[in-house]
Amino acid sequence: MQWLDLLSDYTFQNVVIGASLLGLISGPLGCFAVLRRQSLLGDAISHAALPGVCLSFIITGSRDISGVIIGSLVTGSLAALTMLLLTRKSRLKTDAALGICLSIFFAIGIVLLTYIQSTNNASQGGLEAFLFGQAAATLRSDLWIMGGITLVTLTLLAVFWKQAKLVTFDTQYARTLGMPTTAIEAVLTCMVALAVVVGLQMVGVILMAAMIVAPAAAARQWSRHLGGMLVIAAGIGIVSGVSGATISTLSRGLATGPLVVLSATTIVLISLALAPGRGLLWGTIKHYRQKEALQKQQLLYALYKHPLASKHYRATFGARWVLGKLKRQGYLVRSTDGGSGWRLTSRGEKAAKQVVATFEEVAT
Amino acid sequence: MTTPVTTDTALSIQNLTVSYHNQPVLWDINLDIPTGVMAGIVGPNGAGKSTLIKSLLGLVPSLSGEVLVHGRAYASQRKRVGYVPQRSSVDWDFPTTALDVVTMGLYGRLGWFRRPGRKERLESLEALEMVGMSAYADRQISQLSGGQQQRVFLARALVQQADVYFLDEPMAGVDATTERVIIDILRRLRDAGKTLIVVHHDLQTVRNYFDWLLLLNVRVIASGKAEDVFNIDHLRQAYGGQIALLNDSDSLMFATSQVK
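First to last, the sequence lines map onto chains A and B. Be aware that the first sequence starts at 20, since it is given in our numbering, and climbs by one per residue. Be aware that the second sequence starts at 3, since it is given in our numbering, and climbs by one per residue.
It should be emphasised that the hints constitute simulated quantities derived from the structure, not laboratory data. Heads up, the beta-carbon is just placed ideally off N, CA and C, and yes, glycines get one too. Some clues are possibly wrong.
[To be verified] So these bits of chain B aren't anywhere near chain A, every CB distance computed over 12 Å:
| no. | residue |
| --- | --- |
| 1 | S66 |
| 2 | R74 |
| 3 | S147 |
| 4 | G148 |
| 5 | Q162 |
| 6 | T179 |
| 7 | R192 |
| 8 | A194 |
| 9 | G195 |
[Claimed, not checked] Example chain B residues on the side facing chain A (calculated, C-beta under 10 Å, incomplete):
| no. | residue |
| --- | --- |
| 10 | G84 |
| 11 | P97 |
| 12 | R111 |
| 13 | D140 |
Looking at chain B on its own, in the form it has when it is part of the complex:
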C-alpha cells in the first residue's frame, strides 16, 4: 500500500464562520488537527459541534472559511474522508438490509454506473465482521437495535477505507457493548495511522478516549493535546455555569470510566 500522506496535518481549518438565520453558530474557527490522532470535539449543547463537522463536509453552507484535508481542498479529497452521521439522521424503516447499507459506502468508489458485485459484497461483509455484526448481514435495518444501527453506520464508513474519519456522536444512546466495540475499532484505526474526529458529549470518558481535544462553544475555547486542554478553567469557559456541579471535586470529573 502506498502512503499518500503529504503533510502532518490531517485537517486544517482557517477562518470558518457559519451562521443560521443570522445567528452565528460557529465564529472564526481556526484549527489544525495532526495526523494519526483520535480527536474529540467537546462542548455544551448548541455549541456547534455537529455543525462544525457538517460545514467541513459541505453539508451546511458556511459564510467564510477554508478546509484542507491532508493539505488539499476537501472537494478534491472526498475519497480520503469517511463520515458517520448521527443515527437519527435517517429513517430506519427504509426497506433494506444491514449489508446493503454498508455497501452504500462503496458507491463513491464505484462511480456513476458500476454496480456493486462480489468483491464489494465481500468487502462489506468484512466491515460488518469488524463491528461484530456479521450475523445480522441480511437483517432488515428496522429490526436492529440502536447500538446495532450505529455499528452498521460505522461499518459503512469503514468500507470507504478513508484516511480521515468524521463521526457525529457515535456513542450517543448506544449500549455498553456497542460503545466498547466502537472505541476499540477507532483505536485500531488510529494505530493504523488514520485520523479520527469525533463529536462527543460525555465529559466522563473524554480523557480516556481521546488524545487530542477541541473544546468548542461557537468559538474555539481551546485545542491541542488532551492533557493540556482538559482542565477546569477551559471547561468552565466552554460550559459556563453548567460546569459548576462538576466543579467541587476534580476527582468526579476525571473519574476513570469503565472502558479502558
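Isolated chain A, as found in the complex:
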C-alpha cells in the first residue's frame, strides 16, 4: 500500500520523471564530453549557469523556468565557448582555461545572488536552491520543458551521429573530409549546456558535473561501441535518477540531488572494479593467474632439468604455495631419496617435457 501511495504521489512522480529525463540527456552528452577529454567542461558550464539564473531573475523579476533556462543557457554556453577560445588562441592549457572560466563565472553568480538577496525582494526566496537543486519544487510544466529539450537534443545527436562521432575521434581528419569541425564542436559543447539546464532544478549547479561525467565513465567500462556507450550511459543516468529520487522520498528530508549523484557514483565505482575486461578486479586476477602459471612452469622446468639439486634452498612463500598446488594436482610427490625433496610423477614429467620444449623453442 505504501508503494502505491508513493507512486501516485504528485511530487514523487514529478521528481522521478525529472530525474529520469536528466539521466537520459546527461548520460549520452556526457559520453561525448568524456571522450573529448572535456569531462570538467560540464563543471564549468554548470557553475557558469548561476549568473544566468540570477540575471534572468533581475530582468524578469520572477523564478519562471523559461527565464531561468534561457539565462543559464546563455551564460553556460558563453563560458564554454570562452574556454574553447582560450585554449585555441592563447597558450593556456585546457585545465587552466577551465579553472579561470569556472571561478570567474561562479563568482559573478554569487555576487549577483547576494545582491538580489540584499534587495529583499519577496519573490527571490529560494533562488539559492539552484546551488544544490530543489527537486521537490519541480512542476509538471517544468517537466514538459525538460522533456522537450531532451527530445530535441537527442534527435539532433541521432541525425548528426556520423559527424559527432568522427569529430570526437579524430577532429583533424574530419576537417580534411570537409566537415565544419569547429561548428560541430561548438554544437556538442552547447548541448552539454542544455543537459546542465535540464539538471539545474534537480541537482543544482555545483553537483551537476557529476551527472555529466559519472554515467559516461561507468558506461565506458561496459561498452565496445560508441552507440552502446551512449545507451548504457543513458540507462545508468536514468537508474541513478530514479533510485536517488526514491531514496530521498522514502527517507523524508534527505536532499534528492546529492542522492542522485551518489547513486551515479556508486555505479561508477562498481563499474570501475567489476566491468569485464576493463575492470580493476579482472586485471588483478589476470595478473596473479599469469604469475602462478609461469611459476608452475618454472618449477616443473627446474625439477625436470635438475632433479638432483640440493634441498638446501629457501623456498619463498609463493614457491611453496605453487609446490603444494602442483602436488594436489598430481604433478609432484614428496620423496626422501636425495635431491630437492620433490619428485615428478609420470604426469608431471609429461607436463615438464612440454614446458621444456616450449621454453627452448622460445629461446631459439
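Go by the hints and put chain B onto chain A.
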C-alpha cells in the same frame, strides 16, 4: 573509370609561409610534385615536415601561400585527397572497432545525412584486406598493436579512393611487417598512377623507398628526383652538424635497407 587528371602536377605550392608564435616554421615554400610519384619529405626534427602537410590540408593556418591539387584549389579537391595522420594524434581508447574506423573514411562521400550501409561495409572490409587486417575487423582499436593501428589508418585513407595521399610518418614506430605492408601498398598505389607524399624520418631507407624527394628545413633545401636531391651536400645543408656522423663513409648513409 574516368581519368580526371587535368595536369601533370599533382601538387603545386606557391609562396607558403607558416609561423607559430612569431617563429617561422615554414618559410616561402615553392614546390611542384609531379603525378604518379612516391615523394618523400625529409628533414631534421623541427624542420616543419608535419606542419607542411597540415598547412596544405588547412589544419594549420598559414600566413600566405596557395595550394593547388591537380591544378585546382585544395578546397574544391578534397575528395581527391587522402590523409593518414600520425598515429599518436588520436586517443586509441575510443570505443570502436577497426572496421568502424575504416568506414569513417567514407563519411565525406556519404555527405551530411546518409549512413554507411552494406556497400560501405564491403568497401571497408576490402581496404582492411589490402592492409592484411581483415582478421581484426571487429577488434577493439585499443587492443591493436601500434603497427596494426597504423595499418587501420592507412585502410581508412584507402577507402577514400583519392588521387593524392598525404602520409605523416607512417613508418614511425611500427614493426618490420607493417613497414613492409605499408611500403608495398604505397608502391602499388603509385603504380596505379596515384601520388603519394610521405613524411619520412629514416635516412637509411630514403633512397630505397622514394623516387622523388623534398629536403626541408624551414625552407626548401632541395627538391626533385631522388637521385638528384639525395647527396651529401644537400643533406649537410638540411641537417647541419647532425649529419657529421654519417659523413665519414658514404656507404653507411647509402646502405641498402632490408626492404627492397
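Hint by hint, here is what the structure shows:
| no. | hint | in the structure |
| --- | --- | --- |
| 1 | S66 | holds (20 Å) |
| 2 | R74 | holds (15 Å) |
| 3 | S147 | holds (17 Å) |
| 4 | G148 | holds (16 Å) |
| 5 | Q162 | violated (8 Å) |
| 6 | T179 | holds (19 Å) |
| 7 | R192 | holds (21 Å) |
| 8 | A194 | holds (21 Å) |
| 9 | G195 | holds (21 Å) |
| 10 | G84 | holds (8 Å) |
| 11 | P97 | holds (5 Å) |
| 12 | R111 | holds (9 Å) |
| 13 | D140 | holds (9 Å) |
When held up to the earlier numbered hints, the structure conflicts with hint 5 and nothing else.
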